[in-house]
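Got chain A sorted already, so can you dock chain B onto it with the hints?
One-letter residues, chain by chain:
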Amino acid sequence: MRPFSYQRATDPDMAVQALSAAAAANNPLTQATAQPLAGGTTLIDLMKLDVTRPTAIVDINPLAQAWSAIEPGSDGLRLGALAKMSDVAAHAEIQRNYPVIANSLKLAASAQLRNMATLGGNVMQRTRCSYFRDVSYENCNKRNPGSGCAAMDGVNRMHAVLGTSDQCIATYPGDFAQALIALDAVVEITGKGGTRSMSFAELHKAPGNSPDIETTLQPGELISAFSIPGRWPRSVYLKARDRQSYEFALSSAAIALDVQGGTIRDARVGLGGVATMPWRAREAEALLKGQKFDEALAQRVADAAFADARGRRHNSFKIALGKRVVARALQQAVTMEI
Amino acid sequence: MTAAAPSPKANMGQPVPRYDAAAKVTGRATYASDMPLDNPAYAFLVTSAIAKGRIDRFDLDEAKGVRGVIEIVTHENAPKLKESKLFSNGGYAGTTIQPLKSADIAHDGEIIAVVVAESYEAAREAANRVKVSYTATAPSASFDSTGTTTAAAKGQNAQFKEDPAVGDFAKAFDAAEVKLTAAYDTPTQHHNPMELFSTSCAWMGDNLVIYEGSQFVYGLKHGVAEQLGIDADKVRVVNPYVGGGFGSRGSMTPRTAIIAGIAKRLGRPIKLVPTRDQGFTITTHRAETRQEIKLGANRDGKLLALRHEGAEVSSRADAYCVGGTKTTTRLYACPNVDSLVSIVRADRNTPGFMRSPPEVPYLFALESAMDELAVKLNMDPVELRRINDTNVEPIGGKPYTSRSLMACFDEAARAFGWAQRSPQPKSMSDGDWLIGYGCAATCYPTQMGPSAARVRVQRDGRTRVEIAGHEIGTGAYTVIAQTAAERLGVPLEKVAVFMGDSDLPPAPVAGGSNSTASTCSAVMMVCDQIRQRLFKAAMPAQSLTDRAKETVGLGQTPATQAAKGDRPLDIEKAFDALGVGVVEEYGEWKPEGAPLDSFRAMHNGQVRLVGGHAMKDQIAYAFGAEFVEVRVNRFTHEIRCPRLVGAFAAGRIMNPRTARSQLMGGLIWGMSSALLEGTEIDERNARYVNDNLADYLVPVNADVAGVEVILLSEQDDRINPVGVKGLGELANVGTNAAICNAIHHATGQRIRKLPVRLENIEV
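Line order of the protein sequences matches chains A and B. At the far end of the first sequence sits residue 338, using the UniProt record's numbering, and the numbering has no gaps. At the far end of the second sequence sits residue 763, using the UniProt record's numbering, and the numbering has no gaps.
Because the hints were derived from the structure by calculation, they are not lab data. Worth double-checking, as some hints may not be accurate.
To be verified - Using C-beta positions, here's what the derived DEER-type ranges look like:
1) Ser245/A x Val25/B: 52 to 60 Å
2) Asn115/A x Val763/B: 30 to 38 Å
3) Thr2/B x Ser245/A: 24 to 32 Å
4) Lys48/A x Arg57/B: 24 to 32 Å
5) Lys192/A x Glu62/B: 30 to 38 Å
Where a beta carbon is used, it is the ideal one built from N, C-alpha and C, also for glycine.
Next comes chain A alone, as it looks inside the complex:
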């Protein structure tokens, strides 16, 4: 870890000010010299590993009072970005009307981490790619733009099969973001000019030719809240992983359905553990809408979700696994009692 200055931001303006002051032009957010500190569960790790080298830390935890509300309403849900993962997962109304959100949070990390980590920080967590996290490897396009990718032909069992490029195959590791993207969440961003809103789907970027740019956020911008329109009581989060808890997904599916009289009126499919960013399988969703559910449909949907998937040496299994996870999650969502 390298020396850094520490500052507590007691109001949003102060936080934005402190974060933008250090922002240099053309510097992607991930390499900005000033970084916001919320739960610290990713940032501090990466600083210890020398992957992230900020010179200024802006502690935004004092904003929690304003930014951590959990507000279920009749036409949707609003979640403050500094709400703790554990608080949201344990909220009775979220468990009832948004099980996909509650479970995506509950099945993530460990109890200790969920007690510390915030929703905003959670969606911004960086990849777990071993080569990204080990600075003794020169070649990481995400960490060292233009240096190559050690994972491409290295040990890549945990890596992505969707949304990859020839520059980067690092997996987006989170769970909650899959629920957000599936439910058409809107993210509220606080910056220099006040607040703005955009679709959560626009927040993350595929690696393409610039894997170092991971989101559309600019230095000096902070996520202040998430809004989820509607209610999704018929929703599930299914996560396949090597161990029963405290482990990232090999493949996960966030499924939300609106079924009326046996017909699927609306369907949402988010995929985790398999893609370079939070992933929504819109082709798969299209196949579901207006249909009656059966196993053959589930299979077609699963195939569609992974139609563009590309495996590498150790992770090709994720394609078949991902399809089975989607099919099983759909089955669970259809048959769940609400």
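Using the frame of chain A, we list chain B on its own:
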């Protein structure tokens, strides 16, 4: 009695709580890096980013500019150290690859620089700013790499003396009615004890004190003295508690002498706390193996032919191997046996001990093969073991001192509900989950080594036991205190035990599960010396038989003597008669069959273990049977193991509470080994990839739903005075095979490569 403290059965001690329990749960137990030092400097390691090649140059400007940096030590300015031989060649070292000696790199993560600074933070920051230019050459990573060399273990590893064989394997296999040939792979594994591989060194003039978690304080003391070229009497190793060993702290690693040398030059104590990922390359590991088993049997299940071949990866420098064929060729009655162990040299660090080093990989192969044979024979796998059970090992024809294998199978099968198993694969399920039951035998050699002890008794009964044993989390303090209390007849709470200090009387390495048998035998012998002195002083010589003197505790009524009118020993009277305030005895114990140089070797920190298959007229093993329930998700193929049941017989159980805890930990580790643990190697550069506890998976609480440990009564008077068979390494041996056997039962699919990942399952 609670589950954690099982009621003692015959030949078991009391399940008293751990001697050090309160200290540990309140954080008062002091580990190496907790030891206070006077004005220490802090060291941080820089390790190699290549596995083979050389360092062209260091750019240290930026690193030296970090405030607080005192010195950066590289091969260009490192203290000169003498070589130490590998422990298996009569030395102390776990590797003969000595870092900082030249610009050459022998393996990934080799220490290439040590940054010393006024604070840990400054040292770590400066280490991050060290720039290294290498010339890398393509390394050989493992079995499938080009450039490895392979040769038989026999002839290059002094401790691997023979490839066990008997009869005519080829002929018998050829003629067998039922044959099986199968290949098995086990992965590289790393120990990852909770306590990091910390070392602190402090000099007082010419005297050095080392604080380091070690499983062998005498070995480390002599090894470091040898490397520094100083008298071993000037070196003291202190570690009252060790935060887990599992073999990783059994032999000396290069870091200790390096830190000692730098501390000497600097004239300041130095504290080193390496990171978790550095622990993967600065110590040892369990090497990957490839094995092949051939079994030939009659239709009735009787084994006729067994061949076990194993290949293990080692470093270029050292011919380390575990050679588990010494156990697998002797476990079952089989008249025609052949075996071969070979070593494959690659550009890797030297591997070393890891809990049950030979048995874990080699019994995975044998006990999987036995299950495969049972399937071929359409026979209950328990019955196949019963048919081939034996009290005489087939290679040398020596009798087992005791063997409760089938009693363990029967007890564990009953507790597990084995009778409810429907034998057909894929025939049991529960919702999304296919259910499989599997079992395997487990065993571990009974070993002992020479040990000394000092015991001091005051007239109020307060007792102090001193022995340079090691508390690696097993309960060593507790069972030694129990031994002394029982033998002397003093209350347990009056006994204080001092260990983990090379200034105390020597004890063997805490490895090979020998500690309890060795240290308690020594303590028992010295307690008897004390008792005899006191009895002699206080009672007329003819009043007590020698037998009574050996069996009656201080202050107790000698029941057999009551008829003669003798009274119990009056301790105060005995002390008055001796005219002393304290009685102290020192003694040295060695097991039967120990080599002539045993005691000299003991004082020189060299291991002389006796036991297992290497005894003269007999063979000594502890046995157990393990049953597991495995669940395989038919959609995700996730594999879980909600139930582990093990029954074990290991001679006298000194303390059912600590014994259960060790066996439970072993079963859990065994499950971890089968389903989770495996160090991934990037074949291109021979580097470890998942070198942290987020990516090197071990079980979390949610993975461990039910573990049942059954302790069987067993008495064995032929092994050592306390009648103890070590059990610390007994439980994690059979689990790998039991789990793969259960996966076969659940899915019909035979898995012969560990760890089992969900992508290996095809349902």
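Checking each numbered hint in turn, tell me which of them this model violates, lowest number first. 1
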